[in-house]
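Work out the full structure, taking the sequences as your base and the hints as a guide.
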Amino acid sequence: MSTDLAIEATGLTKAFGETAVLRGLSLAVPRGTVFCLLGPNGAGKTTTVRILATLATADGGTARVAGLDVVAARKEVRRRTSLTGQHVAVDGAQTGDENLRMAGRLAGLSRKAARQRADDLLGQFGLAAAAGRRAVTYSGGMGRRLDLAAGLVSRPEVMFLDEPTTGLDLPGRQAVWRVVSELARSGVTIFLTTQYLEEADQLADRVAVLDGGVIVADDSPGALKQKAGGRELELELAAESSFAAVLRFLGKRVVRTEPESLVIGVATDGSGPAVRGLLDEIDPDRTRVRRFAVRDVSLDAVFLALTTPSILPQEETCDV
Amino acid sequence: MSELVVPAGPYAPPEIAAVPSASALTRGQVMIGRCLRLGWRNTDALITSLVLPVALMLMFVYLFGGAIRTGTAYHTYVVPGVLVLCAGYGSALTAIRLCEDMNGRIVDRLVSMNVGGAAIVAGHVVASAVRNAVSSAIVLAVAFAIGFRSHASAGAWLGAAGLLMAFIVAVSAVSAVIGLLVRSPEAANGCTFVLLFLPYPSSAFVPIATMPTWIRGFARHQPATPVIGSIRGLLLSQPIGSDPWLALAWCGGLLLASAAASLVVFQRRISRG
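As they're listed, the protein sequences go chains A and B.
Just so you know, the numbering used here puts 252 at position 252 of the first sequence, and the rest follows in order with no gaps.
Just so you know, the numbering used here puts 1214 at position 214 of the second sequence, and the rest follows in order with no gaps.
If you're looking for bench data, these hints aren't it; they were derived computationally from the structure.
A couple of the hints might just be wrong.
[To be verified] Using C-beta positions, here's what the derived DEER-type ranges look like:
(1) B:E1186 to A:K75: 54 to 64 Å
(2) B:S1237 to A:Q116: 52 to 62 Å
(3) B:A1257 to A:G92: 49 to 59 Å
(4) A:E18 to B:E1186: 28 to 38 Å
[What the hints assert, rightly or not] Where chain B lies over chain A, by a calculated footprint (3+ residues, C-beta under 8 Å):
(5) 54-65
(6) 89-97
(7) 290-296
Predicted model, so just to flag it, every value in this text is computed and none were measured.
Cβ atoms here follow ideal geometry from the backbone N, Cα and C, with glycine treated the same way.
Structure follows, in structure tokens:
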């Protein structure tokens, strides 16, 4: 085991009944970095977080967090980590202040130290004015900030943030992003899962894409985009027949399709000769392509290229 | 949200030795404090759990009392039964509270702070005991107001109070297991009906001898009967025989079995995620 790794997982497997959720997941997160786990709904993101945060046990494989085995040294791992999930985990009937003081006491602080810590965090998270109000009266963004603050009471080395911005409006999301960046700067290792690719792009030092229970890509956001060609040639086709023909012709080079608007995205380096060559190749008669544009590849394109589309409709998938 | 002050450090990881850890005692204390606070704030449930027992007693004494012959004044006969009935009723709330905790995300936070099932369940059971002690005291006060009299010694009072508390703790623990097993507070509420119903087929409200033969066997050999028998005997200075020991055995057995079951069920629910 390397000591500069905050999180290290090797060959994790987990099944719920007949359904295999993780099939040999391995990852490594250096200390003091922001690691983002991306994946479609039901890919096993939450399961991974729960295993690493010691709430669930893997069927196979090993994991070390903060240098400690998540099974053998479960309690010690819990003392050095904190978990903030996608649902606010505070007592609605307790005030913000009471929630934080409770967390402080559970983290082993004396009454006095817990009160002090709660006051500090309430101030830092802009909740001082709402400290005496029951958490149930907080807005979504305030609740999430209180939740983050509760996770920080114990000064964790590693923070697991499972979709910390799901359901928040943009200002709320930006507030969480600022907290994450600030924490990362102070040396805390952040393990983040998210549905928002923009979030991963902004925050993460490394992005891993989870699909079918294994990591299918693991690199910096920039390098991932580079692998997908760096740039994307967006083609708007003239007719459905051309759309189908071009799609067939390009095959695996397609990184993105929008059938309704007859748009196909192709990986390219964006250079003149390459773009011209590609256009000539697919459209020698100059009738098929109505419009084209060269764009920077978004992480969305990378994500879609790497993951297999879910067979289930969105509403029926569940995040396990 | 724009007013957010970015938290200033330091969040730098503390040294190994400096990582604090709450003792099991502290964790238990904190959880009890939490449950008491939450119970106190749930005004509707609080009022119901304090008022309904009194209403029940008044109903038995004034509505049914006239028609029931027990050999003693009915309010004298029925007070121990009402105390036990109320204990069952009040303890059943434990299932609902615990179920709400399990369904919410708070349980993940607690477990990730090393608070185990024991502390979480104990918090709810102790809070339930405190709540029920208060409601029992109110019921007794009203009983005195409507004419209940006892000439029992201080020792007998203490014994009766102790047995009632033992029953409350035992029923709360059973209720906790129900709360962990079911998936919704509504289901928890429904399942605890059994606990509410327990005092009826016993000597709580009518002498067992007046019941149909087929139910007498159950009525004589169920936990509420020796508890009620002992409390009635102690308060009214009647012979109690082995009832207190039977009552303690029932309560102790239920408590131990429930404690073991709740730890197992809790662990299973957590690891299923």
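Going through the hints against the structure:
| no. | hint | in the structure |
| --- | --- | --- |
| 1 | B:E1186 to A:K75: 54 to 64 Å | violated (35 Å) |
| 2 | B:S1237 to A:Q116: 52 to 62 Å | holds (56 Å) |
| 3 | B:A1257 to A:G92: 49 to 59 Å | violated (33 Å) |
| 4 | A:E18 to B:E1186: 28 to 38 Å | holds (30 Å) |
| 5 | 54-65 | holds (count 4) |
| 6 | 89-97 | holds (count 5) |
| 7 | 290-296 | violated (count 0) |
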